[in-house]
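Colleague: Just so you know, the sequences run in chain order A and B.
Going by the numbering used here, the first residue of the first sequence is number 2, and it counts up by one from there.
Going by the numbering used here, the first residue of the second sequence is number 5, and it counts up by one from there.
Hints were generated in silico from the structure; no laboratory data involved.
Here the structure is a predicted model, which is why all the values come from computation and not from measurement.
Treat the hints with caution; some may be incorrect.
Claimed, not checked - Straight line, CA to CA, 20 Å or less: simulated SDA-like cross-link-like pairs of lysine to any residue: (1) K221(B) <-> I154(A); (2) K145(A) <-> A392(B); (3) K292(B) <-> Y8(A); (4) K293(B) <-> A71(A); (5) K221(B) <-> V99(A); (6) K155(B) <-> S407(B); (7) K198(A) <-> I181(A); (8) K76(A) <-> Y294(B); (9) K221(B) <-> E60(A); (10) K269(B) <-> G149(A); (11) K76(A) <-> K300(B); (12) K269(B) <-> P247(B); (13) K221(B) <-> L190(A); (14) K269(B) <-> N155(A); (15) K181(B) <-> Y8(A); (16) K76(A) <-> D297(B); (17) K221(B) <-> P294(A); (18) K300(B) <-> S66(A); (19) K221(B) <-> V216(A); (20) K91(B) <-> G66(B); (21) K269(B) <-> P151(A); (22) K145(A) <-> A71(A); (23) K269(B) <-> G153(A); (24) K425(B) <-> K155(B); (25) K300(B) <-> H67(A); (26) K169(B) <-> S66(A).
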Amino acid sequence: MPDQLVYAMEVFLNGLMAGVLYALVALGFVLIYKASGIFNYAQGVMALFAAMTLVGVMEGQVPFSHLINAVLGTKVHHFGWHLPALIGIVSTVVIMVVLAWLVQRIIFKHLVGQEPIILFMATIGLAYFMEGFGDMMWGSEIKKLDVGLPQGINLWIDETTYNIFDYGFFIDNLDIFATIIAAILVGGLVIFSQYTKEGRAMRAVADDHQAALSVGVSLNFIWIMVWSVAGFVALVAGIMWGTKSGVQFSLSLIALKALPVLMLGGFTSIPGAIVGGLIIGVGEKLFEFTVGPLIGGATENWFAYVLALLVLVFRPQGLFGEKIIERV
Amino acid sequence: MKKKLLSAVIAGFMVATPVMAELTFSALSYRTGAYGNNGIPFADGYLDYFTLLQERDGGIGGESIKVIECETAYNTEKGVECYEATKGEGVLSYSPLSTGITYQLIPKVTADGIALHTMGYGRTSAKNGQIFRNVFNFPANYWDGASVGIKHLLDINGGDIKGKKIALVYHNSAYGKEPIRTLEELSKKHGYELTLLPVDHPGQEQKSQWLQIRREKPDYVLMWGWGVMNPVAIQEAVNIRYPMENFIGVWWSGSENDVLPAGAKATGYKALAFHAVNSDFPIFDDMKKYVVDAGKAAGAGDQVGTVLYNRGMYNAMLVSEAARTAQAIAGKSNISQADMIKGFEALEMTDEKMAALGLAGFGPSFSVSCENHGGDGMVAVAQWDAGAGKWNVVSDFQASDMSVIQPLIDEDSGAFAAENKLSPNCD
Chain A
2 MPDQLVYAME VFLNGLMAGV LYALVALGFV LIYKASGIFN YAQGVMALFA
52 AMTLVGVMEG QVPFSHLINA VLGTKVHHFG WHLPALIGIV STVVIMVVLA
102 WLVQRIIFKH LVGQEPIILF MATIGLAYFM EGFGDMMWGS EIKKLDVGLP
152 QGINLWIDET TYNIFDYGFF IDNLDIFATI IAAILVGGLV IFSQYTKEGR
202 AMRAVADDHQ AALSVGVSLN FIWIMVWSVA GFVALVAGIM WGTKSGVQFS
252 LSLIALKALP VLMLGGFTSI PGAIVGGLII GVGEKLFEFT VGPLIGGATE
302 NWFAYVLALL VLVFRPQGLF GEKIIERV
Chain B
5 MKKKLLSAVI AGFMVATPVM AELTFSALSY RTGAYGNNGI PFADGYLDYF
55 TLLQERDGGI GGESIKVIEC ETAYNTEKGV ECYEATKGEG VLSYSPLSTG
105 ITYQLIPKVT ADGIALHTMG YGRTSAKNGQ IFRNVFNFPA NYWDGASVGI
155 KHLLDINGGD IKGKKIALVY HNSAYGKEPI RTLEELSKKH GYELTLLPVD
205 HPGQEQKSQW LQIRREKPDY VLMWGWGVMN PVAIQEAVNI RYPMENFIGV
255 WWSGSENDVL PAGAKATGYK ALAFHAVNSD FPIFDDMKKY VVDAGKAAGA
305 GDQVGTVLYN RGMYNAMLVS EAARTAQAIA GKSNISQADM IKGFEALEMT
355 DEKMAALGLA GFGPSFSVSC ENHGGDGMVA VAQWDAGAGK WNVVSDFQAS
405 DMSVIQPLID EDSGAFAAEN KLSPNCD
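Sequences are here, hints too, so could you generate the full structure?
Modeller: This is the structure:
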């Protein structure tokens with residue numbers, strides 16, 4: 002088999018893995034948009050905040066320590082504990098649920114019935130607030146996140162492919178783990194939305210707020226629940242990306258990677274987010290591999306958007322989005 | 005009655021307060037945004053050094069110090085706004101900490117007659133002081149860095165790197181592209197093969213670049229990165245089991261922030277350095293006594309001695325020594341902006357002066373002149389030891405290859421002069 006074809010296969014597989022990571026971010030957007038029609042600009046910052054909180058809780062960091070020390074002249078930084086990852090994750094989920102409750106209580110409760118653009122603007126404000134709030138709470142220095150996920154080359158794949166192609170493929174163990182987590186997450190979300198009372202209520206709210214209210218569904222509860230689930234998804238994305246690069250501000254920019262995925266997969270489809278992520282991941286990696294060297298490289302960022310725009314030309318609602326029919 | 009009382013208070017205050025001259029400096033810093041976690045230690049070091057001079061010595065040459073900090077978020081437009089908002093305060097020199105902001109400020113400071121000091125960044129050809137009269141980029145620039153990086157590879161290969169494959173992983177921006185021309189020229193001289201691998205901002209995803217490195221197996225990888233791009237690149241290098249001792253970053257890719265996320269496997273990674281990278285210097289005792297313990301530190305005081313804190317402190321030290329030189333030349337302590345430019349141009353950093361400052365061996369000795377605004381371009385190589393959690397300088401400071409760099413400086417500065425109708429002069 003020609004070397005270039007073997008390399009292309011390796012690039013293809015890595016594209017799939019990268020796509021899963023993009024899809025993890027996109028899922029959070031889809032959940033909130035599907036249930037409330039809000040495009041949550043703060044989803045990337047939520048991933049950053051969740052990851053910062055996880056590290057802070059695990060490492061026993063005193064929240065707002067810089068502020069406390071500056072005001073009171075104390076020197077408190079740590080509680081002195083190091084918690085296992087599982088306890089850290091559970092604690093962070095609880096904090097994300099509290100955050101969801103606060104977001105609903107303080108912001109969106111007062112904006113029911115407003116235009117989508119108003120809700121979108123509110124999420125922009127939320128994003129900027131959380132950026133500063135997170136820094137003040139946990140500090141802005143880069144943090145190492147280690148929840149025990151395996152990282153580095155998968156030796157079994159390396160050896161197996163070497164025996165077949167005379168070239169060992171590189172697949173990162175972290176990416177394989179992320180794929181498994183994403184599959185479980187999507188499966189869980191599908192089961193939740195299809196087979197539980199709360200999930201069906203969420204879908205009812207998504208279909209028609211007024212009709213759902215008229216049959217006794219609590220809009221308030223559903224929105225808190227959706228923001229909580231989106232917060233959990235943000236935590237998962239934050240763990241995966243934060244393990245790769247450390248927890249720092251740039252984690253919030255992973256939202257940029259989710260946008261073409263959403264455009265391609267559709268804003269209202271969970272499977273769309275997954276398939277969109279895979280198409281974007283594979284597309285950008287193969288384009289970089291084949292065309293990149295001819296035009297100077299660094300094509301991935303813009304190619305993802307070009308690919309998404311091409312899909313929009315033919316399917317404005319995305320591959321899996323709901324077709325919107327508005328009668329005049 | 006109230007008006008009378010207020011007038012009396014104001015009049016009394018005006019009489020009681022002596023007119024104090026101040027030496028005003030600017031700190032265009034960034035504590036927010038994608039690069040904030042690197043901008044914070046630098047800004048803290050920069051501000052803390054001026055605070056130390058104020059608290060310990062009462063200022064510079066008897067004049068108290070005023071530093072105006074302005075947040076740029078590493079954004080060029082905000083940086084220019086900061087300049088415009090503060091230049092009326094009589095700022096003696098600007099250190100913008102951004103190549104993008106530097107390019108925008110060069111014509112402005114030239115028109116306004118204010119000094120611009122870009123230490124280890126900015127427009128490399130500003131080394132030609134006959135063209136760039138107000139701009140200083142000592143003690144080293146990117147082309148010095150590229151050259152010394154190659155010199156290091158020559159050193160460890162017995163002086164011969166012909167046929168070797170070298171990849172440059174770079175931030176796809178004006179900053180990241182700076183070393184390319186120099187590396188291309190050096191490849192003609194030394195016969196190595198150069199591969200260019202750009203990484204788009206912010207650099208969170210670099211799988212394609214590192215798969216290519218794994219396939220093509222370059223002997224060495226150089227990196228011109230910043231922000232999240234650095235730790236991701238180092239992690240990817242660890243993942244593909246690239247030999248870390250063959251991976252060398254520029255000084256902006258060589259802080260603790262860059263290596264810590266990769267853990268123990270980052271050991272051996274190298275980075276260029278134009279100053280010391282640890283805290284074994286007497287000045288840090290004073291810094292602790294007069295600034296940190298006194299509760300006057302710009303930050304939490306937990307960054308003292310880290311690479312980027314040291315760099316900010318070194319930057320402030322060079323600016324303050326230029327001010328001291330300007331005071332000596334002008335024969336007065338209350339110097340003007342024009343005096344400050346002369347101070348920069350006559351700056352001489354000797355080993356004796358560094359020792360007197362409590363910084364013996366912290367940086368190389370060098371001198372600045374009208375013709376040479378970039379110093380001697382002395383750069384060393386540092387290596388990360390994850391076990392000890394610190395950087396160690398593993399080479400001597402050595403000069404760059406000016407036989408290659410000088411023609412590039414002449415060409416680029418000449419083009420700027422032609423474009424702006426400037427003629428070289430040192431009058």
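Colleague: Hint by hint, note whether the structure agrees.
Modeller: Results for each hint:
1. K221(B) <-> I154(A): holds (16 Å)
2. K145(A) <-> A392(B): Distance ~17 Å between K145(A) and A392(B) Cα, so the pair holds.
3. K292(B) <-> Y8(A): violated (55 Å)
4. K293(B) <-> A71(A): holds (18 Å)
5. K221(B) <-> V99(A): violated (49 Å)
6. K155(B) <-> S407(B): Judged against 20 Å, a Cα distance of about 13 Å means the pair holds.
7. K198(A) <-> I181(A): violated (26 Å)
8. K76(A) <-> Y294(B): Satisfied, since the Cα-Cα distance of roughly 17 Å is no more than 20 Å.
9. K221(B) <-> E60(A): Given pair K221(B), E60(A) is violated - Cα atoms ~38 Å apart, limit 20 Å.
10. K269(B) <-> G149(A): holds (15 Å)
11. K76(A) <-> K300(B): Roughly 14 Å separates the two Cα atoms, so the pair holds.
12. K269(B) <-> P247(B): Given that 20 Å is the threshold and the Cα spacing comes to 10 Å, the pair holds.
13. K221(B) <-> L190(A): violated (43 Å)
14. K269(B) <-> N155(A): The hint holds at about 16 Å.
15. K181(B) <-> Y8(A): Given that 20 Å is the threshold and the Cα spacing comes to 28 Å, the pair is violated.
16. K76(A) <-> D297(B): holds (11 Å)
17. K221(B) <-> P294(A): holds (16 Å)
18. K300(B) <-> S66(A): Holds, at roughly 17 Å.
19. K221(B) <-> V216(A): violated (65 Å)
20. K91(B) <-> G66(B): The hint is violated at about 23 Å.
21. K269(B) <-> P151(A): holds (14 Å)
22. K145(A) <-> A71(A): violated (25 Å)
23. K269(B) <-> G153(A): At roughly 11 Å apart (the allowed maximum being 20 Å), G153(A) and K269(B) satisfy the hint.
24. K425(B) <-> K155(B): violated (36 Å)
25. K300(B) <-> H67(A): Between K300(B) and H67(A) the Cα gap is close to 14 Å, so the pair holds against 20 Å.
26. K169(B) <-> S66(A): violated (48 Å)
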